[in-house]
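2 protein chains.
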Amino acid sequence: MILSNITPNTSDINSQTIQLMHGYWRAANYLSVGQIYLRNNPLLKRPLAKKDIKLMRLGHWGTTPGQNFIYTHLNRIIKKYELDMVYVSGPGHGGPALVGNTYLEGSYSEIYPEITQDEKGLKKLFKQFSFPGGIPSHVSPECPGSFHEGGELGYSLAHSFGAVLDNPNLIATCVVGDGEAETGALATSWHSNKFINPETDGVVLPILHLNGYKIANPALLARIPQEELIKLMEGYGWKPYIVAGDEPLKVHEDMAFALENAIVDIQEIKAKATQTDSKRPVWPMIILKTPKGWTGPKYIDDKPVENHFRSHQVPISDPINNEDHFQQLEKWLRSYQVDQLFDDEGTLKKEYQQLAPKACNRMGMNPHTNGGLLLKDLKLPSVKDFAVKVNSHGDIGPGDTRSAGAFLKEVMKINSDEKNFRLFGPDEILSNRLNEVFETTNRQWNAQTKNTDEFLAPEGRAMEILSEHLCEGWLEGYLLTGRHGLFTSYEAFIHIIDSMFNQHAKWLKVTKELPWRRRLASLNILLSSHVWRQDHNGFTHQDPGFIDHVINKKASIIRVYLPPDANCLLLILKHCLESKHYVNVMVAGKHPSPQWLSMDQAELHCKKGIGIWEWASNDQQDSTDLVMACAGDIPTLETLAAVSILRKEIQEIKIRVINVVDLMKLQSTNEHPHGLSDSDFDALFTKDKPVIFAFHAYPWLIHRLTYKRNNHLNFHVRGYQEEGTITTPFDMTVLNKLDRFHLVQDVLNFIPKSGSQYDYLKEKMKDMLIKHRNYIEEHGIDLPEVKEWKWNL
Amino acid sequence: MILSNITPNTSDINSQTIQLMHGYWRAANYLSVGQIYLRNNPLLKRPLAKKDIKLMRLGHWGTTPGQNFIYTHLNRIIKKYELDMVYVSGPGHGGPALVGNTYLEGSYSEIYPEITQDEKGLKKLFKQFSFPGGIPSHVSPECPGSFHEGGELGYSLAHSFGAVLDNPNLIATCVVGDGEAETGALATSWHSNKFINPETDGVVLPILHLNGYKIANPALLARIPQEELIKLMEGYGWKPYIVAGDEPLKVHEDMAFALENAIVDIQEIKAKATQTDSKRPVWPMIILKTPKGWTGPKYIDDKPVENHFRSHQVPISDPINNEDHFQQLEKWLRSYQVDQLFDDEGTLKKEYQQLAPKACNRMGMNPHTNGGLLLKDLKLPSVKDFAVKVNSHGDIGPGDTRSAGAFLKEVMKINSDEKNFRLFGPDEILSNRLNEVFETTNRQWNAQTKNTDEFLAPEGRAMEILSEHLCEGWLEGYLLTGRHGLFTSYEAFIHIIDSMFNQHAKWLKVTKELPWRRRLASLNILLSSHVWRQDHNGFTHQDPGFIDHVINKKASIIRVYLPPDANCLLLILKHCLESKHYVNVMVAGKHPSPQWLSMDQAELHCKKGIGIWEWASNDQQDSTDLVMACAGDIPTLETLAAVSILRKEIQEIKIRVINVVDLMKLQSTNEHPHGLSDSDFDALFTKDKPVIFAFHAYPWLIHRLTYKRNNHLNFHVRGYQEEGTITTPFDMTVLNKLDRFHLVQDVLNFIPKSGSQYDYLKEKMKDMLIKHRNYIEEHGIDLPEVKEWKWNL
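Top to bottom, those sequences are chains A and B. Taking this note's numbering, I'd label the letters of the first sequence as residues 1 to 793. Taking this note's numbering, I'd label the letters of the second sequence as residues 1 to 793.
Think of the hints as simulated: they come from the structure by calculation, not from any bench. These numbers were taken from a predicted model, which means no experiment stands behind them. Keep in mind that the hints are not guaranteed to be accurate.
[To be verified] Derived coverage of chain A by chain B (criterion: at least 3 residues anywhere in the stretch with Cβ under 8 angstroms from a Cβ of chain B; other residues may be distant):
hint	stretch
1	64-75
2	231-245
3	499-508
4	578-591
Where a beta carbon is used, it is the ideal one built from N, C-alpha and C, also for glycine.
Excised from the complex, chain A in its bound form:
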């Protein structure tokens, strides 16, 4: 349904509708309790027996009845207006609700045919929940209709906003838990409404579910005056509707009307948006205040449970050994009057079945939630059109990310009809020198503007807010619903989303193992303003450890690239944008810097991912004295400068230069699919020669990747050692002993050759370091001969 064409009305809200919805809700609640407790007797056709009860009872009841309530109401409104709606479950553990509801609507059985809509299927549905070999207790990838996992809290709203970008008629109803609402990521996510274009994007309908409690504490937003909460939501730019109570029939009625009101608002905003009204709309949201563990036991062992944090997990803890508990459980289960809801075969009765939407309108079958179904390959231009010309090795290029920016501009241009690519950054797209994208697009922004602003517009392919959480969350939501994108950030501060990366990598791992889940576009992260070039930001901005973090995740999911120059970056970037179902991390420089490979050379090099640079080496077969390896733009620069010195000063030292673009090449084949075989590794690094490895990040990562290799004991790695401050670019390498002068000393120390010219060169290197130190402390800039290095390659 085109949202602007809806004709809202409330004619269907009457006591019969309410009664039916109430029945449907009871069915969902019953299925929820059943999943947590039962392994047999799923329809309670006979008295509950202890052997019907699971030996281990794991799950989360507290949030579940509220989510069942919401789902039931959304079904009504979807069906009535033929809405295209997805359900995002923010509270951590709503598993029983979403599993139960997708089962009631039929989605579950379509995806898992063994879970039939009858007594036998019900029994399986119950048993598999939170059970070894079964399904998790939260809204996991296994759950139909889910594209947001309720594992770590805080990202539901951001994911919802990512989902509706470029989907103008999609509504993402996002249930925000009042616990989750306390997280930082969620607290800033409310502001996402300033980035949505009401004409070209869809609608996020947040439902803040105030059930009042977290694991063992009240929720903050449930414990401030209502007027404060309303102001907060209005201050965030929303129009809140409040639905509150614990009398089901009354709350059903209020909720139905609140949703109708929201539909009225949405229709009006959408209708206006097609005119020239570009004013930022105030979107509706709902505050739903119902008891935690609603309809569950009110007291257990004389302690309040319903409307208390004690209903968070499994309220009745010991129904097998404790007779009171056992009786309470049976009473609770029977309170839903299951025999009125399901027929004798265990199938939901017809009058309730017809409440659910049909086919892809069912939230469990909405294709946006299995984004690979909708994914179209990105059209990608030839990288040759953006190649940096390299007349001789060491020519200065325009800045590697600058070339990437030109490429991305073209990507945006040729995919502009599909509207399926976006660039995300925390106010760092310009700082990371991807400027050229703004020649073809703008930053999407729907807050106020001034005529001195640059590149802001209600619609644009770039999304910028100073929140790494939101950039990452929006992008994840965009990818999970079948589109493409790139996140660019400063290298150090990408750690802000370490945990979000974890969750996404886990989602990719699990969905890869589910046949019905289709592959998504990769999560692509381009890091610049990296550790070696924090000239004006200093120590706080220096941390190259994100890649250490990344490679702890499954090898089948993660990829790490360190392109040494612009042409390599272009090739790698294209490769990442083409890839599916990975997390690709690229680290690249942004400053004008030496370029090493023509596009043709770069193509060969990147294809291999690692290789000998013969033009820089002077060894022949079997004559190698030593290998100088490098990974990353600055380490490559310093390595080649060191080689320059050595080849000029002592030609007899035979050096092999190896550059690593694809970091995972270093691992064994059986640890990472990209890994080199041992023989290939030996062919590159030799079995017994010293290897001086200049590395972009923390040095021990190279040891971790290569410890099984034959020649590993000869590896000497230089990298970032947590030494740095505001200083010159070259001095950063000196502080961490990764610079050319230290590298030459390393070579002289590690090869088994000596002589007067060796001693002379060692002394010269020491002198250069002193000269460097004195010069920068006097002038504040690098030695001219370092800045304008004479290459001898």
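Since the structure of chain A is already known, use the hints to place chain B on it.
Just chain B now, kept in the frame of chain A:
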């Protein structure tokens, strides 16, 4: 000054005061521009020459004049009411402002005597800024009066709240940048006001500085209607005062009155708090709307600069080569009329000097900002009082963290007069089983309460909110101002604060190198609900990689402990609470589990940090066939179970069991101060025997730590391999091949012995794994013989 005793008045606000403050502000602004641009001619006694200008100009002008403005006004109010106030600079790069102001008030020269308050000192002050060998461009540890580093954005408010806890008469004035305000951490930090006790804690006075722009974008909060912004702040529970404009004299007057209004509110709240009024107060805050780069050049190269993002860094980019730029710079510098502000010697004129507070009232000298000055050792009880009795190895204990909770309860009790210890957790103190603390304290909470609540009170030593960012930020603020604390979290979600940990570790590293900075209490992090015991949460809650992240930081700062049982945890916890200036990470179990060491044994073991468990081993000197090493509670359990099997089934295999408590023992002495010498390492692990290492976290971390050791090639490490779901506790180890049955197979595969009993045992292990799988898929609980294991040690 006792805040409730203040008698507010505005009698001093007149045109003379305003004019003087305006002069002081100009002086601070001049010093700021001087720091960014000048290396000579600091008083402009002669015409500006190109050689006076730094060759490299790095720094951030945009935020600076606003912060100078605020600092000037705070000086007035501090002096007038004798306030104890600290200044927290939220915007990233206010360095020139804070350095300049602490110089003007004299603090800077007291700490750095070579930076004198005369022309010579001024020249040094200017040159050192953002210069190799000098000081960073942001409010770094080198800056007097700073305890919050403006590196990564988002933590200023959280740090401020941490600072005022238990400091009832301290005011932390927190300048929140409008860029920073977009971050998740900051967005939720506003809610901290619900946790402050107006009687026993101090005051956070936020000043939201809307200068309108970030690096290259407008700031969101500057682009919403003012009424929305006011509602937002009121919704967060604050009373906002708005000061806006660009006419300095008018804004000075408005700001002076706004601060007086804030003082009136603070005095009233404080006065009421001493009575029985426990209602949560609405604290004042100020929204200051002034142009970014205020008083700087309005246009450069015909582009707007003042009140635009172009003033973010160095507004005039090329004053040495571009004649227009050069002239604009001189005009800008002279616009402050430096000769009216400083005397001929370069000393601030008397009439301005007297505007600054004196001695420790100066914000640059406030002892809270150099917390070690105020730090008192924590009183710690004997751990023996909390020892778990171990009659025989393998006795089941009450849960390791439960014992830690009993110990922490006592810590709280005996330090209750000093009020210098707090426990922080994201709603996980109970879930991590530290229950007993609530027998002596409560969770501090000043939002609404109900009579069914538990352990909530206006004052308490525990702080809980579902935001790892706030827990960490509050604790950091508490530590940085000279107190002690502990953060307890789920292991997986501690990654949420990876980047905060980075920044704090960097702060510790740099302050350690500054002689005037005193040592702080360590940042102690106790992780439980760890990767191996996520029975009901599953895969999303499994990530043991925080320790990989931690050990990338300086070895002199970081410590990692994996106590295998309750007595070891108690000893380690005490050790960490006694220590200074580290980040200590402890990972411990919470479930009832086997206990290995009596308190006496544990004491010996923890003192060494690593050791042979002779009671579990059956090797003699030189007879060792194989080493079984373990680190972490679950790996220790599985290792000892495997040893039990082996010692029962094939006595001839001589096994040495090593347990590692202090992970950094594995590294070399020259890499970590705790590291074992190579000979000590060899004495433990042998030089040539197979080592089967069962490890709590990702296995390759052990390789990373030991790759230089003699016997490293014989290390076979089992750990978490990103395999897991909802399943039984034992099955988690099976999925990752860390369980006893796989470990026994490992042993049989790696020792060079064979025979029929070996083949028999291999088959038996395989059978056990099949039996296990069948049993859990039928019953959903672990095999009885695994749960009630018969130890044979």
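Quick rundown of the hints versus the structure:
no.: 1; hint: 64-75; in the structure: violated (count 0)
no.: 2; hint: 231-245; in the structure: holds (count 7)
no.: 3; hint: 499-508; in the structure: holds (count 4)
no.: 4; hint: 578-591; in the structure: violated (count 0)
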